[in-house]
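*Asks:* Chain by chain, the residues:
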Amino acid sequence: MTELKRIGRIKFGLLSPQEVRKMSATKIITADTYDSDGFPIEMGLMDPRLGVIDPGLRCRTCGGRPGECPGHFGHIELAAPVAHIGFAKLIRKILQATCRKCGRLLLGEEAKKKYQDDIKKLKKIKRSTDDVIKDMFKDSIKTGVCPHCGEEQKDIKFEKPTTYIEEGHKLMPSDIRDRLERIPDDDVELLGMDASNARPEWIILTVLPVPPVTARPSITLESGQRSEDDLTHKLVDIIRINQRFQENREAGAPQLIIEDLWELLQYHVTTFLDNEVSGVPPARHRSGRPLKTLSQRLKGKEGRFRGSLSGKRVNFSARTVISPDPNLDIDEVGVPVEIAKEMTITMNVTPLNIKECKEYVRRGPERHPGANYVKRLDGQRIKVTDRNCEELAEMLGPGWKVDRQLKDGDAVLFNRQPSLHRMSIMAHKVKVMPHKTFRLNPTVCPPYNADFDGDEMNLHVPQTEEARAEARILIAVEGNMLSPRFGGPIIGGIHDHITGLFLLTRGTTLFDENDALELLRKSHIKNLPKPAIYENDKPYWTGRQIFSLMLPKGLDLTYRAKACENCDVCKKSECEKDAYVVIKNGELLCGTIDEKAIGAFTGQVLDRIVKEFGPAEGKKFLDNATRLAIRVIMHFGFSFGIDDEDIPQEAQSQIYEIMMEAEKKVKRLIDAYEIGELDALPGRTIDETLEMKIMEELGKARDQAGNIASQHLGLDNSAVAMAISGARGSVLNLTQMSTCVGQQSVRGERITRGYDERTLPHFKKRDLGAAAKGFVKCSYKKGLSPTEFFFHAIGGREGLVDTAVRTSQSGYLQRRLINALQDLEVKYDGTVRDTRGLIVQFEYGEDGIDPSKSDYGKSVNVRRIVQNVTGQDLAEV
Amino acid sequence: MRLAKKDTVKALERRGIDAKTAETLCNAGFTMGKLKKASIEDVMKAGISKTSAGKVMEKLSKIDTKVTKTTKKVKKEERGAVTPLLIDSKLKGLPLPLSIIDELRTYLNKVKPTEAQLERILQMSVDAYERARIEPCEAVGIVAAQSIGEPGTQMTMRTFHYAGVAEINVTLGLPRLIEIADARKVPSTPIMRIKLEPEYARDREKARALGWKIEETNIIDVGSIAVDMAKMQVVIELNEKILSRRNITAEEIAKKVGAETNLDVQLEGLKLTVNPGRHSYRGLLQLVEDVKGITLKGVKGIHRIIIRKENGEYVLYTEGSALKRVLQFEGVNASRTKTNNINEIAEVLGIEAARNAIISEAMDTLREQGLEVDIRHIMLVADMVTAEGEVKQIGRHGVAGEKASVLSRAAFEVTVNHLLDAGVKGHVDELAGVTENVIVGQPIQLGTGDVELMYKAKE
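Here the protein sequences come in this chain order: A and B.
The first sequence: position 79 = 79 (the numbering used here), numbered continuously.
The second sequence: position 282 = 282 (the numbering used here), numbered continuously.
Derived from the structure by calculation, the hints contain no laboratory data.
All of these numbers come straight from a predicted model, not from anything done at the bench.
Don't be surprised by glycine CBs; every beta carbon is placed ideally from N, CA and C.
Heads up, a few of these hints could be off.
As the list claims (entries may be wrong) - Pulled from the structure, derived: some chain A residues nowhere near chain B, Cβ distances all over 12 Å:
| # | residue |
| --- | --- |
| 1 | I53 |
| 2 | H148 |
| 3 | F158 |
| 4 | P184 |
| 5 | G288 |
| 6 | K436 |
| 7 | K526 |
| 8 | D556 |
| 9 | A672 |
| 10 | K764 |
What the hints assert, rightly or not - Straight-line distance between alpha carbons at most 30 Å, and here's what the computed BS3-like set of lysine-lysine pairs gives:
| # | chain 1 | residue 1 | chain 2 | residue 2 |
| --- | --- | --- | --- | --- |
| 11 | B | K112 | A | K584 |
| 12 | A | K134 | B | K185 |
| 13 | A | K827 | B | K392 |
| 14 | B | K458 | A | K375 |
| 15 | A | K124 | B | K392 |
| 16 | A | K301 | B | K392 |
| 17 | B | K309 | A | K700 |
| 18 | B | K92 | A | K827 |
| 19 | B | K456 | A | K5 |
| 20 | B | K392 | A | K114 |
| 21 | A | K858 | B | K90 |
| 22 | A | K89 | B | K392 |
| 23 | A | K375 | B | K456 |
| 24 | B | K112 | A | K571 |
| 25 | B | K458 | A | K401 |
| 26 | A | K858 | B | K110 |
| 27 | B | K110 | A | K853 |
| 28 | A | K853 | B | K92 |
| 29 | A | K123 | B | K392 |
| 30 | B | K90 | A | K853 |
| 31 | A | K358 | A | K429 |
| 32 | A | K355 | B | K458 |
Given only the sequences and the hints, what does the whole structure look like? Please build it.
*Replies:* Dropping the structure here:
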């Protein structure tokens with residue numbers, strides 16, 4: 001590969017009039033664009049020397065075709081100088097700080113020397129000189145008499161946007177330019193400007209560069225009519241006024257008319273540069289739409305900088321809807337054949353791979369692992385078609401290049417927006433499949449934050465060997481199982497995976513040989529361990545034994561499962577919740593597998609395996625365990641329906657009791673409040689106290705009702721199984737469905753807003769009771785009453801608004817954080833520095849530990865090491 | 001065969017035998033298995049001096065189960081546990097962070113390992129530490145920003161929440177995080193937690209008295225203000241109960257009001273009358289406002305104090321923050337008192353304290369939301385923000401706005417102004433950062449992009 005050239009640095013400056021003329025391909029004098037035959041007019045705005053956009057033509061300056069020719073600037077000689085709107089404030093400051101006669105800074109020699117020294121010092125240590133220059137301006141603006149020529153200074157008033165008045169007398173841009181010209185180079189430095197690249201007089205424009213046509217292409221409408229770019233429109237205006245100005249002046253028009261035209265010229269140049277200046281009415285298109293001129297092109301999210309330069313559109317990418325496929329490996333992605341046929345990888349033909357390459361070319365573009373293009377030795381690219389594929393395959397020789405189609409095993413980058421962290425882009429291995437969606441293993445949903453309700457994802461094919469190597473080594477799913485955010489797993493089983501293993505490892509379900517092998521079919525385990533028991537001479541295995549087959553030998557682990565209630569004295573293996581999990585030498589001895597074992601973010605078993613046995617082993621475990629889980633859940637069968645929310649009659653009457661009781665209590669509270677017997681809580685008013693007490697009472701009622709309901713809904717209820725295992729939902733969700741939805745709230749308070757001292761016209765005025773303030777005592781299953789439904793909608797709306805506001809706010813916070821920190825890097829000496837070389841940290845994180853390699857933030861798990869070496873069980877310190 | 005030999009050499013070297021001896025041994029046909037069984041004489045036959053042969057045996061037997069003369073002593077020692085003193089001396093000078101060393105010490109003293117075990121534990125610890133170290137060229141800034149930004153989407157927006165003290169509202173969740181990033185001069189809900197010196201901390205009365213002393217007391221707190229239209233004067237009725245509780249006398253109040261308003265104040269029992277002298281209605285109403293604003297006692301800005309008992313000591317929580325003045329009160333434990341106003345900390349205690357405050361505030365906010373974020377990420381943000389001696393904002397007016405690169409600043413916010421400015425000042429963009437290089441279409445100088453490998457092909 002040829003060595004890449006690097007742009008070393010970019011220097012900014014102002015264009016001098018000479019420079020503008022020098023780089024100009026032509027002077028523009030006519031405002032017309034095309035003649036009646038549709039050819040561009042010479043010295044017009046579409047002069048062919050400014051570059052070409054029409055296919056078939058060649059640039060008159062460089063001879064390039066459209067696409068090759070970058071375009072060339074032209075220039076307009078302005079009849080009179082005008083101010084550059086971007087520097088309006090700077091012009092004022094300079095006028096005020098320099099002498100109106102001799103042009104020198106209004107500073108004594110001594111003060112000047114001091115400022116010069118300060119600036120020199122700051123520049124030497126590469127610090128900003130802004131503060132010194134600010135002081136300098138302050139100093140010199142104060143001075144009333146020029147210390148050099150003794151001229152008395154007059155007050156200069158600045159009127160937005162570009163009018164400067166010196167004691168009632170308006171300063172024309174030409175006057176200003178004269179003054180700026182007089183400033184010596186020495187003083188320019190003190191103004192914070194760079195005399196060689198930005199003389200102050202250059203901010204008053206005398207020549208206007210005309211952007212090349214490639215930057216303002218005209219489009220031909222269907223009707224054959226040409227539609228010009230906004231910039232062209234603006235340039236036409238400028239030229240017209242410029243001409244009129246010149247004619248009027250030559251004709252000796254009165255000063256008043258000249259000044260009017262001058263101002264008009266200033267207006268057009270101003271809006272050409274920036275069409276959103278305050279105080280200037282924006283130039284509009286015929287339709288009334290404001291024109292998009294230079295500043296507008298650069299600004300904002302869709303502007304040149306953020307829209308086209310920081311974010312670019314790329315080739316070799318694909319996007320489609322995603323759908324789940326638990327049979328894929330976690331680091332695979334199912335790619336539709338249609339997409340695989342479009343996406344290519346360039347192969348360099350060598351004697352070693354020529355046979356393979358020939359085969360691809362021979363297959364042509366239509367039979368899947370084929371080739372779309374070949375590149376001959378002379379650099380000519382030829383499209384492979386059904387007709388020429390045989391022929392091309394024969395001609396193929398070393399040194400050719402073949403664009404072969406994507407096939408199984410290729411590494412590609414897979415991405416879902418918003419890309420909030422680095423795990424939003426991971427490298428997967430391609431698996432070409434029929435149908436039209438991308439397929440992915442549901443275990444990688446958490447890092448992408450993906451679900452399958454219509455989400456779309458992008459796929460990128462790396463094009464160089466370096467990129468492919470990085471994809472395989474650094475970006476692969478396998479290498480990103482641990483999050484750098486907290487040093488724990490971010491990939492893990494979800495939903496059915498958790499329920500499945502929960503069902504398998506819970507209690508003492510036994511499986512005969514047939515069942516056991518059936519469950520293990522999708523994993524690579526062929527041999528069963530010694531059976532747990534024999535019954536009628538038939539061997540049986542426990543679910544834990546089957547699960548243990550997935551665990552690597554040598555895994556030792558003890559932790560508490562999700563069901564653990566943090567009893568005062570842990571009963572350990574006697575736990576009736578089966579929440580004390582012990583794994584010894586890769587054998588699950590007791591406890592149930594749930595979200596805390598294999599879930600994303602929390603999976604302890606997964607975490608341990610990845611950290612102790614490496615990511616490859618972790619991946620293997622996850623692949624096998626999730627496949628086992630799917631087969632288990634299929635074996636048992638798992639469903640949830642409306643009758644799973646049924647609770648017996650007696651429970652319902654109990655719940656009714658509780659609700660009545662709660663309402664009574666609330667009423668009692670309100671009564672106490674009304675007769676003034678309610679005591680305020682410390683630091684609260686009586687009203688607040690009442691609200692808090694009512695909320696507490698109603699919350700308690702709902703919880704009690706929920707408890708009664710859950711007593712009647714056992715683990716054989718699938719919603720309970722899901723809630724307890726952590727697969728999906730919570731006990732609260734189930735309570736809301738089956739017994740009582742509970743208090744609806746807005747901003748953490750009961751619903752109070754409404755007209756005429758009540759929330760809804762169904763209630764009495766000033767009613768403080770439970771129902772009148774948004775307490776929903778019905779369950780979702782029973783159905784909500786009309787008022788309850790309304791309150792529920794109010795509460796629900798708050799949630800929606802909240803999410804909408806939050807996404808935009810946190811998005812902006814993230815953008816700012818990224819921008820502030822993106823250049824920080826750990827150097828070879830262990831320090832963290834920014835691009836200026838400023839040391840931000842002497843050692844990263846004070847101990848130099850990489851959080852993604854740490855164990856939940858700790859570099860060394862001392863307890864485990866000591867335990868492993870001495871063989872003693874240790875309590876945590 | 002040759003491979004096997006190499007392996008043996010390597011294995012020997014790993015056990016601390018020098019390369020030359022190892023090679024001679026291998027050439028003599030020794031394998032690891034044979035060596036273990038061999039005696040010194042056997043080894044000497046391979047052409048090695050007695051001393052080095054002895055050494056070889058010693059080295060090998062350290063791992064061996066076979067008991068030879070030299071190892072017997074070691075074995076004896078192994079049986080007995082090592083002393084804490086030995087542990088200490090071994091721990092000294094290990095290339096590990098202090099926290100790990102401390103942890104090691106507690107565990108080691110607890111299990112009392114044998115010397116060999118001790119050595120292994122220490123070696124494994126050092127290895128684990130080395131393995132977990134950050135690699136050069138790692139783009140830690142981006143990782144930190146992502147790690148803090150990504151959970152932001154999961155946070156609640158609710159501004160007011162009750163934390164710790166139910167009586168005081170605190171901004172939490174995403175708004176608080178944004179507040180920290182913005183480096184606001186005053187947080188929207190300033191709060192202090194004042195810890196007390198032991199004698200105050202244990203005595204509820206003393207703690208409460210101190211609380212009254214610190215809390216800002218205004219006239220409306222101790223009585224009611226009324227305007228006597230007929231006599232054109234302001235009348236203040238004081239509440240005796242509250243006066244005695246707040247430990248302030250009517251005379252003191254009269255004096256204070258007089259001094260603040262420069263007017264004649266009459267005191268009759270618990271009734272204060274202020275006569276403005278001027279006879280304008282508006283003036284009278286203005287006077288009421290002025291009188292309301294007078295701080296009779298305490299620290300201005302501390303609106304409310306709540307006393308709570310935490311871990312056996314009384315702690316004062318305040319609404320409003322005035323660190324500098326509060327720290328000067330007797331009975332306040334200055335080293336354990338804190339505020340959530342980061343800028344105030346920077347002013348009173350310095351930039352290092354502000355840095356620590358940012359870390360603890362951000363960590364608390366995230367933890368309260370149940371989000372786990374490694375402290376190192378937050379440290380990096382805090383260090384970046386305070387690196388130049390003042391707390392800077394994350395954004396346009398701070399870190400991002402002061403970057404060296406023109407293109408990077410232009411790509412962030414206020415694009416046009418940065419470009420115009422750069423033109424006038426003749427700035428140079430060195431293209432060292434991320435955005436700049438993305439803009440010009442070059443590889444970024446971070447991570448794998450910062451490593452240069454050169455390969456010289458053989459002719």
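*Asks:* If a hint holds in the structure, say so; if it doesn't, say that too.
*Replies:* Hint by hint, here is what the structure shows:
no.: 1; hint: I53; in the structure: holds (23 Å)
no.: 2; hint: H148; in the structure: holds (24 Å)
no.: 3; hint: F158; in the structure: holds (17 Å)
no.: 4; hint: P184; in the structure: holds (17 Å)
no.: 5; hint: G288; in the structure: holds (24 Å)
no.: 6; hint: K436; in the structure: holds (30 Å)
no.: 7; hint: K526; in the structure: holds (33 Å)
no.: 8; hint: D556; in the structure: holds (15 Å)
no.: 9; hint: A672; in the structure: holds (21 Å)
no.: 10; hint: K764; in the structure: holds (30 Å)
no.: 11; hint: B:K112 to A:K584; in the structure: holds (24 Å)
no.: 12; hint: A:K134 to B:K185; in the structure: holds (24 Å)
no.: 13; hint: A:K827 to B:K392; in the structure: holds (24 Å)
no.: 14; hint: B:K458 to A:K375; in the structure: holds (29 Å)
no.: 15; hint: A:K124 to B:K392; in the structure: holds (24 Å)
no.: 16; hint: A:K301 to B:K392; in the structure: holds (25 Å)
no.: 17; hint: B:K309 to A:K700; in the structure: holds (26 Å)
no.: 18; hint: B:K92 to A:K827; in the structure: holds (28 Å)
no.: 19; hint: B:K456 to A:K5; in the structure: holds (20 Å)
no.: 20; hint: B:K392 to A:K114; in the structure: holds (29 Å)
no.: 21; hint: A:K858 to B:K90; in the structure: holds (22 Å)
no.: 22; hint: A:K89 to B:K392; in the structure: holds (27 Å)
no.: 23; hint: A:K375 to B:K456; in the structure: holds (29 Å)
no.: 24; hint: B:K112 to A:K571; in the structure: holds (28 Å)
no.: 25; hint: B:K458 to A:K401; in the structure: holds (25 Å)
no.: 26; hint: A:K858 to B:K110; in the structure: holds (21 Å)
no.: 27; hint: B:K110 to A:K853; in the structure: holds (28 Å)
no.: 28; hint: A:K853 to B:K92; in the structure: holds (25 Å)
no.: 29; hint: A:K123 to B:K392; in the structure: holds (22 Å)
no.: 30; hint: B:K90 to A:K853; in the structure: holds (26 Å)
no.: 31; hint: A:K358 to A:K429; in the structure: holds (24 Å)
no.: 32; hint: A:K355 to B:K458; in the structure: holds (28 Å)
In summary, this structure violates none of the numbered hints.
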